[in-house]
Each structure stands twice: as structure tokens, then as C-alpha cells.
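Got chain P; can you put chain G on it based on the hints?
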Amino acid sequence: MAKTLFEKIWEKHVVKNIEGGPSVLYIDKHFIHEVTSPQAFRGLEQRGLKVLRPKQVVATVDHNVPTINQHLPIREELSRKQVQTLKENCEKFGIELYGLGHPFQGIVHIIGPELGVTQPGMTIVCGDSHTSTHGAFGTIAFGIGTSEVEMVLATQCLMHSKPKLMRINVEGTLNKGVVSKDIILYIISKISASGATGYAVEYAGSAIRNLSMEARMTICNMSIEMGARCGMIAPDETTFNYIRGRKFAPQDEAWDKALTYWKTLYSDDDAKFDNELFIKAEDIEPMITYGTNPGMGMGITGHVPELSEIDVKEKSSYEKSLHYMGLEPGALMKGKKVDYVFIGSCTNARIEDLRMVASFVKGKHKADDVEVWIVPGSKQVEKQAMEEGINTIFEEAGFVLRQPGCSACLGMNEDKIPAGKYCISTSNRNFEGRQGPNARTFLASPLTAAAAAITGKVTDVREMLV
Amino acid sequence: MSKQINIITSTVVPVNIENIDTDQIIPARFLKATTRDGFGKNLFRDWRYENDDESKPKNFPLNDPRYSGKILVAAKNFGCGSSREHAAWAIKDYGFDVVVSSFFADIFKNNALNNFLLPVVVSEDFLQKIFTAVEADPTTELEVNLEEQTIKLLGSRIPSSNIDLGKGESFDINHYKKTCLLNGYDDIDYLINMKKDIEAFEAALA
Chain P
1 MAKTLFEKIW EKHVVKNIEG GPSVLYIDKH FIHEVTSPQA FRGLEQRGLK
51 VLRPKQVVAT VDHNVPTINQ HLPIREELSR KQVQTLKENC EKFGIELYGL
101 GHPFQGIVHI IGPELGVTQP GMTIVCGDSH TSTHGAFGTI AFGIGTSEVE
151 MVLATQCLMH SKPKLMRINV EGTLNKGVVS KDIILYIISK ISASGATGYA
201 VEYAGSAIRN LSMEARMTIC NMSIEMGARC GMIAPDETTF NYIRGRKFAP
251 QDEAWDKALT YWKTLYSDDD AKFDNELFIK AEDIEPMITY GTNPGMGMGI
301 TGHVPELSEI DVKEKSSYEK SLHYMGLEPG ALMKGKKVDY VFIGSCTNAR
351 IEDLRMVASF VKGKHKADDV EVWIVPGSKQ VEKQAMEEGI NTIFEEAGFV
401 LRQPGCSACL GMNEDKIPAG KYCISTSNRN FEGRQGPNAR TFLASPLTAA
451 AAAITGKVTD VREMLV
Chain G
1 MSKQINIITS TVVPVNIENI DTDQIIPARF LKATTRDGFG KNLFRDWRYE
51 NDDESKPKNF PLNDPRYSGK ILVAAKNFGC GSSREHAAWA IKDYGFDVVV
101 SSFFADIFKN NALNNFLLPV VVSEDFLQKI FTAVEADPTT ELEVNLEEQT
151 IKLLGSRIPS SNIDLGKGES FDINHYKKTC LLNGYDDIDY LINMKKDIEA
201 FEAALA
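Chains as they are written, first to last, in my numbering: chain P, 1 to 466; chain G, 1 to 206.
Isolated chain P (complex conformation) (with noise of 0.2 angstroms):
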């Protein structure tokens, strides 16, 4: 029977199916984070039950360390502890942590995939919910709450029901000045930030194909912003060739009978999908948002939406969105202020991300009146911008090249932006007060980031590719 990529791991992967309830789910490699795991320590030990398989798990500390100074004592105290807990934590039960100067530490979905334990075929899963970006493997990558995290620390499982499926082709080439954040802000801007909530997503279709695994990452990381529960892409050479000969990447005859299985990882031609979407590259422009979630975006030569194309049951939110952004219905994006630059995150931080930002900047400097962060996405990332000579073009331009972390993409650190300031931001949210209390978030591409740095507003990055 023809099957889709994701039945294929699936199925693989159930344990047992509850009669009328979810089934039980094997997981593969679980990642843990300083956050969202002391409380599911806490009950294991309250339990007296051991982690059960502590190789599979990964560690690190992403969202709450500072991004700069990371060699002195953490500063705020709250966060001292919890990072100092999951190092407590970690020891008591066998995990191994990539801590703060570990030259593995970074955003736990950064890391994963650097490092090969990410590899398709597996599930995955994170007490975060961007563990979406690892299906960019051919994984079910899925993000859960930290009662889970103990139940998968406790005994490598967890109890699901199968999503429904969804496959979103996307045809054609991009236009010069897009990218693959753009592919996907296009496509929650018009599904919506719940078009796709009970749903796994497949993304196909040439213009997927031709991605990086880089760029594939940005796009899956992305799904659960318009809910799908996963998103995920079939693997194919280009995995295979970024996935070769990392850390912890199968090697010798363990890569060759990988390879093999891997190669069956795919959906089959008549496979059924509950829902399928077409797009064409050609329609995407560079993307921005203008409200407070991701679907809440238009091109970049848009206008913000008049009340009137705005469903009835909508308005009252719709206008709490735009009071909140200080922006007018009908507005245009373009030539808007921005006072910050953000590029970093688990969406956008990897180093080709660096590399399109520092080729496009070279010679150029930042506007005087707008503050550019950096962000790098792991301690092998900034090794490698270093290497590159990307930092010197960085500081050439202006822009101040930070330490890895989840910094200002939700604030939980020090990186906030101030009430009230504008910051186009190459993160994944929008949300009211996520980069800081009152802060205001244009979501974009890191080249569109990067135009609105050089220029200190909203701007349309073709107008500046030669």
C-alpha cells in the first residue's frame, strides 16, 4: 500500500496502538534545554525513577544564557540557576550537557543537526516547539510540554494520535531577493497561524528540492507557527552530503546500511495526503510582517489590510494587533522606522545565514540611528564566522557580532527591545511583548533584516542587488 513519508516513520516507530486513544510512540533522540526540563527531573525524582536511556539524549543551554561575557558567572540570578540545575541535573543522570563554553553549546536546534544527530528516519523530539526545524531530514520532529519531557526521559516514549497530513508543494524558481524565510512567511500568511493546527506537514515540489539544508531547516522550523504539529521534507542527496562525515553521523558500513534505509524515506507517488496546497516560487516577493502573529504577513511592497478586508469576528482582534504595533489599517510596510535589527534565532542563525548577511553588508555600513545584533546560532557557527573574516565585515558595518544563544528572539535574557521600539527580526514571532514588554516585531528574512540595517527602515531588498 502506498504510503507517505511520514506513515513510513510512523509506523515504524509505534509501540503499541491503544484502542480508541493515541498510540504509543518509540522516541529516538530527545533534546533537552535548561527551561522546560527541571521540573520533569524533579518529578522523575519524585517518582524514584532513572532516566531510561540517557545516550539518547542531548543537552545544551540556549535560552536563558547571556550573549555576552559567557565566560563570567551568569549575572541574573534566576537564570544562574536554572542553567546551574541542568548541569546538576545532567550529572545525577547520566546526560550528556554541551554547556556554556562547550564548543558544542548553542540553540538546541542548531546543534542537533550540526553535530549529525539529527538523521532521517528518527523521531525527535524537544521541550520547545521549534523541534519542528529537524524534520528538514525526513524526521516527525515535534515539540512537547515538560510533562512529556519526564514521560520520554522516564521511559523513551510517548503517547500520541496520528495527525492528519498535509502536503504544501511549492513550484518553480525564487525571485531574485527571496529566500527560503520568505517561502515560508508567504505560506502562513495564507493558511494562517492555525491553518494547519492537527496536521503533519510534507513540503515538496522543485523550489523545496533546490534548497540548502540549511535554508529546508528555516522552513520547517517555521510549522508550528501556523500549527501544524510537524514539518518535514524527504531526504534526499542533499542531506545525505550535509549529514556525511559530522560528529556523530553513522560511519563505514553503519553509514552505508543508513544510506540504504534512508533512501526509502520518501512518500510514495499515490500516497494519500487529507489536504494538499500548491504555490508557485514566482508569486513570492520578499516577505514582512506588520502584526502580532505570523500570519499576519504580506510582500513587502504591501499595505497593511483596511478594516474593511477584514472578516467581522476578526476586527476587535485585528484591531488589538494594530493598536498594539502603532501601525494604521492601510499603511505601507515600506519606509517604515525600525530601531533595531535582530538576526539570530533558531530560524535564521546558521552560518549560511551569516554568509548571505555578510556578503550583502561588505562595504556597506549600518544606519546611524539603528542598533544590529548578531547572533550566532552555536559555538561552531561563530568559530566559523570567525574563520571566514564574516565578524570583520560585521564590525566593519557596524553591527555588533554577539555570543550564541536564544537572545532576543524571546527575550528571556537580557537582549530585549526597549517599549514601544521597532525591531525587524529574523525570529519566528511576533507575539505581543515576545522580544521584550511592548516590544514590536517585523518578522523577515535575514537579507531583508539586513537591508532595513543598512538603511534603518522597511526596505524592499531588490531595490539594493545589483
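It is possible that some hints are incorrect.
Here's a subset of chain G near chain P, in silico, CB distances under 7 angstroms, partners left out [what the hints assert, rightly or not]: (1) Asp-23; (2) Lys-32; (3) Asp-46; (4) Glu-50; (5) Ser-83; (6) Asn-114.
It should be emphasised that the hints constitute simulated quantities derived from the structure, not laboratory data.
Every residue, glycine too, gets a C-beta built ideally from N, C-alpha and C.
Below, chain G without anything else, positioned relative to chain P:
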């Protein structure tokens, strides 16, 4: 935390806003705790207070003395965004046992169920009826019956506004989860009892 849910009859707190994300339910700066307790006081923190100042309450249903109860009612796509279970902890700790919406985000729904906070999905029409009825008369009560899988507005009509309260609706929940909530069972108890099956599964994989 009260485990076990069956029939809950209560007035409601209506928050008629769509796409409420978990950053609004519990802002990130409150996620630095290492225990599950005490999140209720920071529920909807930035929608409740001006500049984080408790002496400056905003116009928000949780601050409105007309509204109270064990049932939170919110517009569609409730709990989207971050997977933080702290959102479910905050709602439960504040004193709610049920959240009603026309649509929940997946991760939030799981987190709620794992904390004996019952997410009830109703039709968009019934949701609007609840908002209308409660705004007209804040003493209006909802009855949620898990065993029967029904939800209804108590009484037949609001005298002051002549709103027909209707018969209510039935709601879906899978049989396994329903049994867990009615009896106070955790998923983790179930999984721990499956240890042999899990080990056999692993052996077959190798």
C-alpha cells in the same frame, strides 16, 4: 492540583480574543522557575497590568469583578506558539479547571490534559453564544459534563436581553484521555507499566 474531573458547573471568565499565544498566557520572563508552583499570579501578566505594575490594572476580564469562576472561555486558536507547559500550569494554578474555545493549538491541548485542565472544543456559534450570554449576564453558568461529553449554558433564557441559551453541545475527547481524567491517571503511569513492551521494541529495532 486537583486530579480527576467530572462535572464542573461554574460562572465563566470570557476572554474574547483570537490567537492567544502562550507568551501572553505566561510571558517568558516567568519561565525561570524550577518548580511547577505559583504561576497563577502571573497569568496573562502583561494584559492585566500596565508596565508590570500591580497597582495599575488594565481593563481585562481577569481584573473585572463581574467575572469569576472555574471556566475560562477564549476565542479560536487558543494556546498557539511556544510549547511552554507553564501556560497550562498558570491557568490551573489561577483556579480554572476547564478552558473552552472553538479551536486549540495541539501542544497546548496536550499540556492541558496532562495537568487535568480540560480543553473543551465547541462550535464557533456556541462560543459566540457563550460570550453574548456572559456579557449580558455575568452570573450565567456553564455546565461541563465529562462523562456525558456535554457542555451547556444553565437556564433557558437571559431575562434582561431575551437571549435563548439553547440546548448546549456535545464535545469530543478520546476514550483513553477521558478515562485518565475521570480517574486521575497520568500518561506516565501508563508508560511505566509498559516497560517490558518498550524494551522488547528496542530489542527488535537493534
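Here's how the hints hold up against the structure:
A hinted interface residue such as Asp-23 of chain G counts as satisfied when its beta carbon comes closer than 7 angstroms to some beta carbon of chain P; here the least separation is about 4 angstroms, so the hint holds. For Lys-32 of chain G, the interface hint holds, the least distance from its beta-carbon to any beta-carbon of chain P being 4 angstroms, beneath 7 angstroms. Interface restraint check for Asp-46 of chain G: the shortest CB-CB distance to chain P comes to about 5 angstroms, inside 7 angstroms, so the restraint holds. Hint on Glu-50 of chain G is violated. Least Cβ distance to chain P is approximately 10 angstroms, over the 7 angstroms limit.
Given hint, Ser-83 of chain G at the interface with chain P, holds; its Cβ is 4 angstroms from that chain's nearest Cβ, closer than 7 angstroms. Taken as an interface hint, Asn-114 of chain G checks out: its beta carbon lies about 4 angstroms from the nearest beta carbon of chain P, inside 7 angstroms.
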